[in-house]
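K.L.:
So you can see what is in the structure, the chains are spelled out below.
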Amino acid sequence: MVLVLALGDLHIPHRAPDLPTKFKSMLVPGKIQHIICTGNLCIKEVHDYLKTICPDLHITRGEYDEETRYPETKTLTIGQFKLGICHGHQVIPWGDLDSLAMLQRQLDVDILVTGHTHQFTAYKHEAGVVINPGSATGAYSSITYDVNPSFVLMDIDGLRVVVYVYELIDGEVKVDKIDFKKTTASANSAH
Amino acid sequence: MMIADGIEDEEKWLAEGIAGIQHNAFYLHRAVESNNLREALKYSAQLLSELRTSRLSPHKYYELYMRAFDELRRLEMFFKDEDRHGCSVVDLYELVQHAGNVLPRLYLLCTVGSVYIKSKEAPAKDVLKDLVEMCRSVQHPIRGLFLRSYLAQISRDKLPDIGSEYEGDGDTVMDAVDFVLQNFTEMNKLWVRMQHQGPIRVKEKLDKERSKLRDLVGKNLHVLSQVEGVDLEIYKDTVLPRVLEQVVNCKDELAQYYLMDCIIQVFPDEYHLQTLETLLGAFPQLQPAVDIKTVLSQLMDRLSNYAASSAEVLPEFLQVEAFAKLSNAIGKVIEAQVEMPVVGAISLYVSLLTFALRVHSDRLDYVDQVLGACVKKLSGSPKLEDNKATKQVVALLTAPLEKYNDIDTALTLSNYPRVMDHLDAGTNKIMAMVLIQSIMKYNTCVSTAEKVDVLFELIKGLIKDIDGTLADELDEEDFKEEQNSVARLVHMLYNDDPEEMLQIICTVRKHIMAGGPKRLPFTVPPLVFSALKLVRRLQGLDGEVAGEEVPATPRKIFQLLNQIIEALSNVPSPELALRLYLQCAEAANDCDLEPVAYEFFTQAFVLYEEEVADSKAQVTSIHLIIGTLQRMNAFGVENRDTLTHKATGYSAKLLKKPDQCRAVYACSHLFWVDDQDGIKDGERVLLCLKRSLRIANAAQQMANVTRGTGGPVTLFVEILNKYLYFFEKGNPQITSAAIQGLIELIKTEMQSDTATPDPASDAFFACTLRYIEFQKQKGGAMGEKYDSIRI
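Order-wise, the sequence lines are chains A and B. Quick note: the first sequence uses numbering that gives the first Met the number 0, first residue 0, plus one each step. Quick note: the second sequence uses numbering that gives the first Met the number 0, first residue 0, plus one each step.
Quick caveat, the hints were computed from the structure, so don't treat them as lab data. Quick caveat, the model's predicted, so the values are computed rather than measured. All C-beta atoms, glycine included, are put in the ideal place defined by N, C-alpha and C. Some hints could be false.
Residues on chain A that point at chain B, a partial pick, calculated with CB under 8 Å [stated by the list, open to error]:
id : residue
1  : H13
2  : E62
3  : W93
4  : D97
5  : Q105
6  : F119
7  : A126
Could you put the whole structure together from the sequences, leaning on the hints where they help?
P.N.:
Structure follows, in structure tokens:
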């Protein structure tokens with residue numbers, strides 16, 4: 000059982016002052032094995048904070064990030080799953096699932112994690128899953144109205160991944176979960 | 000090594016003294032056992048003579064004294080038992096006065112006196128009066144102090160208190176009080192004089208030695224507090240005035256500090272409250288070196304705790320006007336002690352403020368008053384440079400924040416900003432950060448433009464360069480932290496009412512515009528988004544409501560936004576400004592304000608053309624422009640055409656061919672929007688895709704020429720995927736033949752001699768083919784579409 004935290008689009012301090020208190024108290028160091036961040040933190044303080052929750056931090060660049068050296072895309076393997084990360088402002092039309100599926104094929108990953116729309120989605124198609132953890136601070140978005148703060152926790156176990164989404168609605172944290180199964184194990188890839 | 004010798008000598012003398020006592024004690028015991036009074040008196044007098052020494056330090060003398068003390072206890076028991084020695088206590092009292100030397104005589108007299116009082120053959124008050132007077136004969140500080148201490152010891156349980164068995168006629172309590180007060184007064188005088196006599200000359204060591212004996216003096220006060228008959232009346236009229244008289248008159252720092260503290264600790268808080276004026280009146284009369292602030296703080300702390308102990312006592316505080324008295328007292332002390340450093344004065348105010356916050360937390364005027372007094376003091380002194388003093392001022396300013404978790408309260412204190420003005424620039428900023436952190440910590444919301452104005456005045460050290468200081472001098476990390484804090488703060492300024500919110504935004508704008516180019520990149524974005532949120536709230540309400548002048552409309556806010564973002568041109572910060580213009584364009588689009596949206600796009604394009612030079616930045620910027628433009632639905636055909644033309648033009652002019660290719664095919668989406676009313680221009684889509692294909696080909700050829708091998712086929716696969724996208728959407732211009740052609744092209748390129756093997760593009764192509772196969776398997780309309788495509 001491997002826990003992977005996926006979050007992004009915090010937009011601190013441009014659009015939000017901080018993570019919601021209820022989220023902060025849930026994100027305890029030492030419980031999570033990997034963090035995947037879609038970008039738009041935007042400042043080093045947030046990077047350092049995430050590092051304290053888990054040192055294995057993978058970030059891609061959002062268009063407002065202070066650090067310009069984050070990569071545009073990133074791939075990594077966790078257990079039987081290949082994961083890909085990309086902020087998403089590069090994929091036009093924004094939020095379009097078919098275009099995102101193309102990126103998924105390009106990166107050749109089972110799970111693609113992207114952001115930019117601040118809207119939580121978990122979409123399954125023939126090649127895998129596209130997950131958008133939304134905005135962890137509920138930051139303003141030109142694309143989505145009424146953004147609730149949200150983040151995702153993935154529990155990867157063998158060929159199965161359970162995606163938990165945590166959303167802060169009217170001051171209460173609501174949890175939902177979705178199950179995904181891979182049909183075949185990955186062959187040892189050449190790259 | 001004089002001191003070392005001195006210590007060795009002292010040890011020797013002490014040992015001699017103890018030996019002397021033990022020697023005489025032996026014979027004393029023998030005498031007592033054989034009921035021989037004469038002998039007992041003889042040997043006890045000899046024993047007590049050891050206490051006549053002048054050679055011991057107070058500490059060592061104490062040891063000697065304790066030995067003698069033990070012996071005297073036994074002696075007293077002998078004295079009490081008249082049957083054994085046959086002498087009446089009255090006669091005994093007479094007899095012991097024949098002892099040769101005065102010190103032994105007096106010790107014996109006190110011992111008999113104890114028995115005398117117990118026998119009740121004379122009123123306690125008479126015996127005690129006699130004894131306390133007699134002790135005057137010993138004026139040597141150490142010897143006299145211990146003698147009187149002995150007197151105090153044996154008299155403790157024999158005072159003519161109300162309800163005690165020794166209660167006398169007449170004003171019995173006053174008799175007891177008089178006795179203790181007299182002994183106390185004499186003991187204090189002796190204790191003070193100790194510094195001028197005795198074997199130790201070094202002041203620090205002397206003070207240390209004296210300090211050890213202070214409880215001998217203080218004990219008397221403790222005794223007084225235990226006298227049942229001493230009620231508030233007597234305390235107020237007799238005890239306190241006389242004690243204070245001695246404290247003031249002795250003019251000794253050590254004694255004054257200790258005794259004032261003693262008074263405060265030993266007597267009940269209720270009494271202090273009722274005698275506040277008298278008590279406080281003593282402070283200005285004390286020696287300048289006395290650490291008054293600590294004592295006063297102790298007093299205020301005790302009173303604060305007293306107030307906290309029960310709600311019933313609070314009216315008492317008001318009734319005696321405690322705050323006013325304390326405030327005055329502090330003022331007088333500061334005035335009187337001209338030499339007191341600023342830090343001392345400020346820490347007094349800190350104690351007073353703490354008192355006010357604890358006892359009168361609802362009286363903001365008191366809090367403000369203390370701050371005002373502080374301002375006055377600070378105004379009279381040169382600008383604060385003392386670190387300790389600065390820390391105290393920060394403590395003063397932080398206390399109300401912590402008490403009232405609501406920043407609003409601090410904002411109403413008129414003297415608060417005035418105190419801050421007296422801080423040096425560095426500390427001012429620290430305090431400003433404390434303010435911001437307080438707001439963030441307690442999640443408070445500052446809800447009116449007026450309060451925002453006051454707040455930003457308070458934190459002006461962070462907002463702009465205050466005369467003299469340059470932003471350059473500051474460490475970059477610290478500067479960023481400061482500005483990011485200010486940015487976060489902006490999100491805490493909020494009001495539900497759109498008019499008020501707009502006022503807040505204007506107020507913030509007014510302040511941050513003075514911040515200069517270094518600060519604007521931090522402070523402008525949060526303000527912009529704050530304004531955009533307001534626009535969203537107002538959406539749909541953009542009413543030119545007949546006859547009503549409504550200040551807060553999206554249109555007005557967009558005008559404001561334009562000006563705010565324009566300020567970034569002074570920095571310059573073109574990439575940031577471009578992003579913000581695009582955000583505004585989208586918001587204007589959602590409000591259906593076509594000209595406004597168009598204007599924002601123009602601004603963005605101008606920035607792109609003139610300011611964004613870095614090729615990587617250009618790639619991101621053009622994608623942002625395309626992405627935003629793709630979502631616009633408010634534009635009429637002409638405007639839309641102009642902008643898409645620009646976008647595709649710039650896409651094709653990017654520096655690197657792969658970037659050009661990608662940007663151009665991204666533009667294809669500008670001509671196809673999936674909404675029901677969305678544009679669906681299949682031809683122009685195809686034109687874009689073909690153009691990107693040409694660019695990809697050119698890139699491939701260039702690679703062949705410059706490097707000898709073909710470049711990766713990724714671009715072709717990407718374009719193939721785009722073809723599939725529009726194919727599925729039903730663009731009639733995208734044929735399965737075209738797709739087939741592309742597939743063949745890719746395969747050829749991959750298998751060619753000059754091909755560079757690239758696992759990534761192989762995998763990408765494989766995934767794509769898998770996808771096509773999947774779609775074919777779907778059956779139905781989709782399956783039919785894909786039917787003719789062979790992979």
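K.L.:
Next, verify each hint and record whether it holds.
P.N.:
Now the hints, each set against the structure:
no., hint, in the structure
1, H13, "4 Å, holds"
2, E62, "6 Å, holds"
3, W93, "5 Å, holds"
4, D97, "6 Å, holds"
5, Q105, "5 Å, holds"
6, F119, "20 Å, violated"
7, A126, "6 Å, holds"
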